[in-house]
Amino acid sequence: MDGPGPLIRLFGLTGGRARPVGKPFELVAIVTTIRMPAEPTELIPEHWSVLKICRKPTPVADVASQLKLPLNITRVILSDLRREGLVAIERPRPVAQSIDERIYREVLHGLRSL
Amino acid sequence: MDYAASSPTVAEATSSGALAIKILIAGGFGVGKTTMVGTISEIRPLHTEELMSERSIGVDDTSGVESKITTTVALDFGRITIREGLWLYLFGTPGQDRFWFMWDELAVGALGAVVLADTRRLQDCFPAVDYFEQRGIPFIVAVNCFDGARRHDPAKIRKALGIAGQTPIVLCDVRERESVKQVLTTLVTYAVKGVIPDPYPAM
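Which chain is which? The protein sequence lines are P and H, in order.
13 is the number of the first residue of the first sequence in the numbering used here; add one for each residue after it.
125 is the number of the first residue of the second sequence in the numbering used here; add one for each residue after it.
Misleading hints may appear alongside valid ones.
Stated by the list, open to error - Result set (DSSO-like, lysine-lysine): computed pairs, CA atoms no more than 30 Å apart in a straight line:
hint: 1; chain 1: P; residue 1: 80; chain 2: H; residue 2: 317
hint: 2; chain 1: H; residue 1: 305; chain 2: P; residue 2: 68
hint: 3; chain 1: P; residue 1: 64; chain 2: P; residue 2: 80
hint: 4; chain 1: H; residue 1: 317; chain 2: H; residue 2: 283
hint: 5; chain 1: P; residue 1: 68; chain 2: P; residue 2: 80
hint: 6; chain 1: P; residue 1: 35; chain 2: P; residue 2: 80
Worth flagging that the hints you see were computed from the coordinates, not collected in a lab.
With these hints in hand, go ahead and build the complete structure from the sequences.
What follows is the structure in structure tokens.
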């Protein structure tokens with residue numbers, strides 16, 4: 013996306029809104045699909061794509077990357093899907109509560125094996 | 125995790141067990157942030173939007189297009205998959221001053237930061253050092269040794285930057301995978317020190 017031109021179309025995806033609804037969520041908050049609607053035709057394609065991507069838990073920034081949409085537009089879409097009860101977005105946990113010794117060792121081992 | 129007890133709605137009661145660890149790569153413009161992210165991780169395209177300032181609205185012709193209030197900014201963004209459900213995400217912090225507003229968003233919940241330094245322009249990394257010091261975000265300084273750059277004395281760099289004695293300073297070559305691996309393992313170990321007592325026996 014170069015320049016603001018495509019954004020005019022993109023804001024159509026969000027009904028012109030630039031801010032997500034509900035509680036804020038950060039870049040690496042994990043998004044998980046809760047349910048897929050029986051009738052996919054009820055959804056715009058981007059919403060359907062999110063639900064497919066997030067069948068495997070996926071961080072917000074990665075969802076944006078896979079959709080090839082800017083972050084804040086992705087956030088608006090995610091917040092809409094959350095309001096509809098289709099996805100869960102985990103509240104960020106403090107680093108101290110996220111990383112225990114096991115995770116730390118996994119990360120170190122993973123980095124060294126690259 | 126105790127989300128279920130405190131959260132009334134389904135949307136908040138779920139916990140995937142997945143964890144994305146955020147690491148920032150900061151430093152002056154042209155110091156090698158993009159190269160570093162590309163050397164070690166799977167590059168992911170990522171854009172964000174910036175509200176255009178009044179001045180840039182004046183410069184660009186926006187007459188008659190009311191919705192043209194934002195422009196997109198590309199971010200350095202890379203993913204290292206440790207296993208399914210556990211990733212390191214590297215975010216390069218934008219170098220130009222006008223993107224400072226994005227740092228706060230990038231910094232929230234970050235495990236830590238690598239401040240890349242070029243000894244020919246050491247002052248370029250002062251703002252990043254100040255930023256992470258003020259917010260108590262663990263950081264290390266990685267000195268990118270370009271071809272032909274003379275060897276550098278970490279003690280002198282520490283003095284020039286005025287940083288605390290425990291902050292690691294490592295010499296690296298951002299084009300070399302092994303070198304970048306060492307930078308990241310140093311950061312992760314340093315950053316978890318406050319969380320996990322005595323992690324060093326694992327080294």
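Evaluated hints:
For the hint linking residue 80(P) to residue 317(H), the alpha-carbon distance of about 37 Å lies beyond 30 Å, and the restraint is violated. Using a Cα cut-off of 30 Å, the hinted pair residue 305(H) and residue 68(P) holds, with the two alpha carbons roughly 27 Å apart. Among the hinted pairs, residue 64(P) with residue 80(P) is consistent with the structure: their alpha-carbon atoms are about 15 Å apart, no more than 30 Å. Between residue 317(H) and residue 283(H) the CA atoms are separated by roughly 23 Å; this keeps the pair inside 30 Å, and the hint holds.
The hinted pair formed by residue 68(P) and residue 80(P) meets the criterion: a straight-line CA distance of about 18 Å does not exceed 30 Å. Taking the CA atoms of residue 35(P) and residue 80(P), the gap is near 24 Å; set against the 30 Å cutoff, the hint holds.
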